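A.B. asks: The chain contents come next:
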Amino acid sequence: MRDQIEKYTDKLLKDGLAMPGSIRFYALDDELIVSKDDDWKPVFEAVLEELSVVGLLLAEPTLPFADNLIARSSDSDTRIYPKDSEVKTFLHDIPFIRRSALGEAGELAKAIATILRERKGLIIEGVGFVATGTVTLEQAYITYSSIFHATFIKYLLELLEHGWQLPGEQEALERFKNDWSQPYDVEKLAFRDGPLTARSEIIEEICAVGRYTVESGLVDSFFGNISLFDDGIIYISQTGASLDELEGLIDPVPMDNSSTYGITASSELPVHRRIYETSNYSTIVHGHPKFSVIMSMLCEKRAACEIADCGKDCPETRFINGVPIVSGEIGAGGIAKTVPPVVKEHGRALVYGHGLFCAGTNDFKDAFSGMVQVETLCRKRYFEMLAANL
Amino acid sequence: MFGWTGKILKVDLTSGAAHREDIPEDILLGSLGGRGLGVRLMRDFYGLDPFHPDMPLIFAVGPLCGTSSPTSARMSAVSRSPLTGTIYDSSCGGLFAHKLKAAGLDALMITGKSDRPAYLKVTGEESSVDDASSLWGLDTLDTMTALMEHGSVAAIGPAGENGVLFANIMVNAANSVGRGGLGAVMGAKNLKAVVVDGGAKTLIADEEVFKKGREDVMRLFKASPIIFGELGISEFGTPALVDLMKQRRMTPTANFSKTYFEAASDYAGPALKRTYQAKKEGCFGCPIRCKKVDSCGKALPEYESASHFGALNNNSDIHSIVKSNELCNALGMDTISMASTIAAYGEAKGRFFAPDEIIELVKKTALREGGGDDLALGSARVCAVLGVPQLSMSVKGLELPAYDPRGAYGMALAYATSNRGGCHLRAYPIANEILRKPVATDRFSFSGKARIIKIAEDTNAVADSLLTCKFAILAASLEEYAHILTGVTGVEYSAQSLLKIGERIVKEERRFNCDNGFSAKDDMLPKRFFTEAGTSGDGIEIPPIDESRFIEELKKYYKMRGLNANGCFEQ
Ligand code: SF4
Ligand SMILES: [Zn+2]
Ligand SMILES: [Zn+2]
Chain A
109 MRDQIEKYTD KLLKDGLAMP GSIRFYALDD ELIVSKDDDW KPVFEAVLEE LSVVGLLLAE
169 PTLPFADNLI ARSSDSDTRI YPKDSEVKTF LHDIPFIRRS ALGEAGELAK AIATILRERK
229 GLIIEGVGFV ATGTVTLEQA YITYSSIFHA TFIKYLLELL EHGWQLPGEQ EALERFKNDW
289 SQPYDVEKLA FRDGPLTARS EIIEEICAVG RYTVESGLVD SFFGNISLFD DGIIYISQTG
349 ASLDELEGLI DPVPMDNSST YGITASSELP VHRRIYETSN YSTIVHGHPK FSVIMSMLCE
409 KRAACEIADC GKDCPETRFI NGVPIVSGEI GAGGIAKTVP PVVKEHGRAL VYGHGLFCAG
469 TNDFKDAFSG MVQVETLCRK RYFEMLAANL
Chain B
665 MFGWTGKILK VDLTSGAAHR EDIPEDILLG SLGGRGLGVR LMRDFYGLDP FHPDMPLIFA
725 VGPLCGTSSP TSARMSAVSR SPLTGTIYDS SCGGLFAHKL KAAGLDALMI TGKSDRPAYL
785 KVTGEESSVD DASSLWGLDT LDTMTALMEH GSVAAIGPAG ENGVLFANIM VNAANSVGRG
845 GLGAVMGAKN LKAVVVDGGA KTLIADEEVF KKGREDVMRL FKASPIIFGE LGISEFGTPA
905 LVDLMKQRRM TPTANFSKTY FEAASDYAGP ALKRTYQAKK EGCFGCPIRC KKVDSCGKAL
965 PEYESASHFG ALNNNSDIHS IVKSNELCNA LGMDTISMAS TIAAYGEAKG RFFAPDEIIE
1025 LVKKTALREG GGDDLALGSA RVCAVLGVPQ LSMSVKGLEL PAYDPRGAYG MALAYATSNR
1085 GGCHLRAYPI ANEILRKPVA TDRFSFSGKA RIIKIAEDTN AVADSLLTCK FAILAASLEE
1145 YAHILTGVTG VEYSAQSLLK IGERIVKEER RFNCDNGFSA KDDMLPKRFF TEAGTSGDGI
1205 EIPPIDESRF IEELKKYYKM RGLNANGCFE Q
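Chains A and B, in that order, are what the protein sequence lines are. Start counting at 1 in the first sequence, then tack on 108, and there's your number in the numbering used here. Start counting at 1 in the second sequence, then tack on 664, and there's your number in the numbering used here.
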């Protein structure tokens, strides 16, 4: 268990998700392991007593976006409703406890436990995010990073829509803009030239590119998948695999189902399969870069449109600087239908409120730089719009 | 009562006497049924030899049996295993369970020994012990055919009659009470078969609650790629796992000396489907229908059987595999232990057997002819006699199934802690380590595994007592089944309260084993796994298991279970 604590503490820091010194894990091995012994320990010990989980995580996010969302909410609100679809399915909504409601330890523990009986995580205003793991500590890490992702996207959309509302908000965002506007440095990454045909080489390259997507800061590790098609076989990352740790987690799925390797493949396998069936591409990278997700949800026709659930039902292909945006839920009837035709034509597709698919012809260079281009573009467009709106 | 019938039928084969008794309500509520009830009833019988006439053989069903709860028409048989010496339960599907319940019974407890071959007939409230001399020697299929007119049949074959230590009790062509040799316990009682029939209905307390729980379970089944996905077990049966284990490089090969068998694809799910035009079959009342039969309705092998008659014996001949499996079913023997014993014997003799020789050895074992007489004792005893005890790939004498522990460390731990010996089903960590459900865990790490295994053992003890299929628990959880149970019985249950019951059942089994001399020394894997590497490749490293790390995690497990460092109870 200590190794898991160390690993996910490192990841939280490396991904820039949590403030150094703020990360606390409470994990049940044969005895309770507490990574930081302070005033929170008795609270979370009491929470653990109430739940059947193996561990809890409490940490302070590096950005104040969740707190800002709470401060901007109306007094009667008790939850944040994510706007991006993947997190929406994964977490439903994110309950929070206001700073003003923080009572004494015993009561706080009860309040936290009550929420965690029906949700995977919550936000304590001014303190941080709490997340649980029922089987592994990785689950707590994933929930934490999902809350981070969801509040990031929601807050930035909020700003576009409703402008500054809090003291200091604008200055904080200026700082954020500077921090987050560094160019993604693709040049120093090494890609193998395709076409790749040796199995060991294919697998190594997929693992390397998976790591690049995370290490370059493009995407969070947990949501996303990657594949390469060669000689009738789709080499694809497994379901629930982290993009930066794909070693041993690549399934060689034959196009014709002549083996059952695909049982554990990414749940987005049908999208990949369909793209390879209908086009000449041979690599696909899929992830959820934040500004791409944000921009996919902005539609000029919104006010006049009759469709209520854009993410599910929008029949149109919209464009942002030539990048097509489509809708659809995960699964055979959804993005497996809408994504492949536009990828075939444009080599890439943004999915409303979800993420980005980029394809390449011979190797991963095109697919990866496609992702960088789209995210860079979306980031630029976002800050332009923000400046124009305010 | 709702759900339960509240009745047990006790039969003494020595005297032929039989009577129905009430089962105290608190025992039913606290043990649920099946394995839990059987284990509770075994409490007074520790210390008895498995073949002692007084040793009970218990058949028990659960409160959901007789309702339309998905995958719940199952039963457990419980006794002490002649193969392992541990307490033993095994669950199986099939109409027999349903009919036992319809005869108004939660359990049937058989003791004593008939002075000549006999079969037990239960028809509603009536029961009798009848002569079976003319059936003795028949295979299980012929026995079932001969008795079919009286109801649903559970029978032993020649293997059970001849005391093969891993003889099964068969309830259908392919549903077996498997692994630990309860067929031999039945044979020692001179009991060829049990046939049951009845018309009683299981009463449901709250139809609405029941229906809601049932729908939740069905929805989860449908959403599960492993169950109903295009590559899942409904489509290919458990042989869907052949490819998967091959790709993970954890296919036990050549008696576990390797972990990769290139030719495994020759008998994998898709090959079986193609070669035998496999059709779906299932346990009675199951929507998943994971069993596969050929075009004449003959049962095709499950994953474990295919892999062990295949890779474990260095055999890629699909016909030899299918034939060996078929013979085991007809003769009434466990496929895993049979195949593994042949493989160990092969390694000991310096060569693995040819496809046809394997088939011959299966026959000889059941009939105890020639070399088969030794093989009938299982790999641990055979290898001991041959002076190579380390070649028996077993834990507590039970041969390990087809997941190499070097490829899944939770599985390694679970093989060791299992109260019935080297079994994959007590905790089924393959779910999280390989199938990545409900979440993936690192299969090459022991970190956190003790707790995961403990909770999974408790969960599966509940599944075996409610009698739902383990595959159901892969997609649905105890939560949904708690709702179903509450709906059926009218007694409030939650996932939490069920887990407590599971914990008590596992503890009771441990106590039985400790009282029979088992301790930490028996919670151990064969040495090979700590000293020899598996077959690495395709970017996957299969090193030997770190023994000290394994023991460290085992100690943690003991602590969580309230056991001492020797794996038993302080007293
Ligand atoms: S899933 Fe298979 S083993 Fe389980 S109850 Fe259904 S048919 Fe039987
Ligand atoms: Zn607003
Ligand atoms: Zn996605």
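Hints listed in this document are in silico derivations from the structure and should not be mistaken for laboratory results. Misleading hints may appear alongside valid ones.
[Stated by the list, open to error] Simulated pairs of lysine to aspartate or glutamate, EDC-like, Cα-Cα distance not exceeding 16 Å:
hint, chain 1, residue 1, chain 2, residue 2
1, B, K1219, A, D138
2, A, K119, A, E353
3, B, K1223, A, E139
[As the list claims (entries may be wrong)] FRET-style restraints, in silico, Cβ to Cβ:
hint, chain 1, residue 1, chain 2, residue 2, range
4, A, Q481, B, E1143, 43 to 53 Å
5, B, S1161, A, L210, 46 to 56 Å
6, A, I428, B, S1161, 32 to 42 Å
7, B, D1210, A, G129, 28 to 38 Å
8, B, E1143, A, I428, 21 to 31 Å
9, A, A280, B, G694, 14 to 24 Å
10, A, M493, B, D1210, 14 to 24 Å
11, B, S1161, A, A412, 49 to 59 Å
12, A, E492, B, E1143, 40 to 50 Å
13, B, F666, A, S184, 38 to 48 Å
This one's a predicted model, so the numbers in the text were calculated from it and none came from an experiment. Cβ atoms here follow ideal geometry from the backbone N, Cα and C, with glycine treated the same way.
A.B. asks: Each of the hints needs a verdict: does it hold here or not?
C.D. replies: Hint check results:
1. Taking the CA atoms of K1219(B) and D138(A), the gap is near 9 Å; set against the 16 Å cutoff, the hint holds.
2. For the proposed pair K119(A) and E353(A), the alpha carbon gap of about 11 Å is at most 16 Å, so the pair holds.
3. Only pairs whose Cα atoms come within 16 Å are accepted, and K1223(B) paired with E139(A) is accepted, the gap being roughly 9 Å.
4. A C-beta distance of roughly 45 Å is found between Q481(A) and E1143(B), which places it inside the suggested range of 43 to 53 Å.
5. For the pair S1161(B) and L210(A), the beta carbons lie near 33 Å from each other, so the given range of 46 to 56 Å is not met.
6. Taken as a hint, the range 32 to 42 Å is violated for the pair I428(A) and S1161(B), whose Cβ atoms sit roughly 53 Å apart.
7. Range check, D1210(B) to G129(A): about 33 Å between beta-carbon atoms, so the 28 to 38 Å window is met.
8. Under the hint 21 to 31 Å, the C-beta atoms of E1143(B) and I428(A), about 43 Å apart, miss the expected range.
9. A hinted range of 14 to 24 Å for the beta carbons of A280(A) and G694(B) is inconsistent with their spacing of about 59 Å.
10. At roughly 55 Å, the beta carbons of M493(A) and D1210(B) sit outside the given window of 14 to 24 Å.
11. A C-beta distance of roughly 54 Å is found between S1161(B) and A412(A), which places it inside the suggested range of 49 to 59 Å.
12. At roughly 49 Å, the beta carbons of E492(A) and E1143(B) sit within the given window of 40 to 50 Å.
13. The given range of 38 to 48 Å is respected by F666(B) and S184(A), whose C-beta atoms sit roughly 44 Å from each other.
Going down the numbered hints, you'll see the structure goes against 5, 6, 8, 9, 10, while the others check out.
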